[in-house]
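Q: All chains should be built: construct the whole structure from the sequences, respecting the hints.
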Amino acid sequence: MAGPSTEMARKPRADAVRNRERVLEAAKAVFSAGGSEASLEAVARRAGVGIGTLYRHFPTREALYEAVYRREVEQLGDLAEQLQSAPEPVDALRRWLRANVEFVATKKGMVAALALVAAGSSELHAYSFDRLTKAIGTLLARAVAAGAIRNDISAEDVLRALIGMCYMHDQPGWQTTALRLLDVFVDGLRVQSAGTATGPQESKPARKKASLKPSR
Numbered sequence: 001m002a003g004p005s006t007e008m009a010r011k012p013r014a015d016a017v018r019n020r021e022r023v024l025e026a027a028k029a030v031f032s033a034g035g036s037e038a039s040l041e042a043v044a045r046r047a048g049v050g051i052g053t054l055y056r057h058f059p060t061r062e063a064l065y066e067a068v069y070r071r072e073v074e075q076l077g078d079l080a081e082q083l084q085s086a087p088e089p090v091d092a093l094r095r096w097l098r099a100n101v102e103f104v105a106t107k108k109g110m111v112a113a114l115a116l117v118a119a120g121s122s123e124l125h126a127y128s129f130d131r132l133t134k135a136i137g138t139l140l141a142r143a144v145a146a147g148a149i150r151n152d153i154s155a156e157d158v159l160r161a162l163i164g165m166c167y168m169h170d171q172p173g174w175q176t177t178a179l180r181l182l183d184v185f186v187d188g189l190r191v192q193s194a195g196t197a198t199g200p201q202e203s204k205p206a207r208k209k210a211s212l213k214p215s216r
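The letter at position 181 of the sequence shown is residue 181 when you use full-length UniProt numbering, and the numbering goes up by one with no holes.
Just so you know, the hints here were simulated from the structure itself, not pulled from any lab data.
Treat the hints with caution; some may be incorrect.
[What the hints assert, rightly or not] Here are the simulated DSSO-like pairs of lysine-lysine, each with C-alpha atoms no more than 27 Å apart in a straight line:
1. K28 x K107
2. K28 x K134
3. K134 x K107
A: Have a look at this one:
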């Protein structure tokens, strides 16, 4: 049975975890609004902690950016796991990809700030690429196993396509375009039934009928 001294030792750790989470949540909001120039003092105020507490957890601005970045990547990974139980595997994949577009759309300031960190850290870039490709891979594999999506595309292919769709995130109206392209992309991955006709195939009967006309 734990004694009073043990309980007292545990409490600071629990408080520290809560404070860290509060700082990360506050940083996400402040960075979203203020981008790479956001004040760390503003983060501390929003989190309800002193600036000293913030620096104990994150000694540099870059350390805080990296922690927020990793947290967001983990949340996207968690979302992929939650979507594993969705009844329609193709819809689950689509919903996860749309969540990424919506993340970029609503967190433009934060995306700009986090890009500075990710670009300067090969380890962080490798981590995020690995975590996101695994997230895609679980959803993609389920759709392929269900016979709903072609099996000749990789998770890396899908991630690169997603990055390309979000590339112009600083341009007006980009989100509408990205979501439309995303739907076209996902629909293009679907396995077509043998009896599904395409444009060129539909024109064949017309050409055959024309060839039966008597020549003059």
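Q: Do the alpha carbons of K28 and K134 lie within 27 Å of each other, as the hint requires?
A: 24 Å, holds
Q: Is K28 within 27 Å of K107, Cα to Cα?
A: 8 Å, holds
Q: Would the hint linking K134 and K107 be met if the CA-CA limit is 27 Å?
A: 23 Å, holds
Going through the hint list in order, the structure satisfies each hint without exception.
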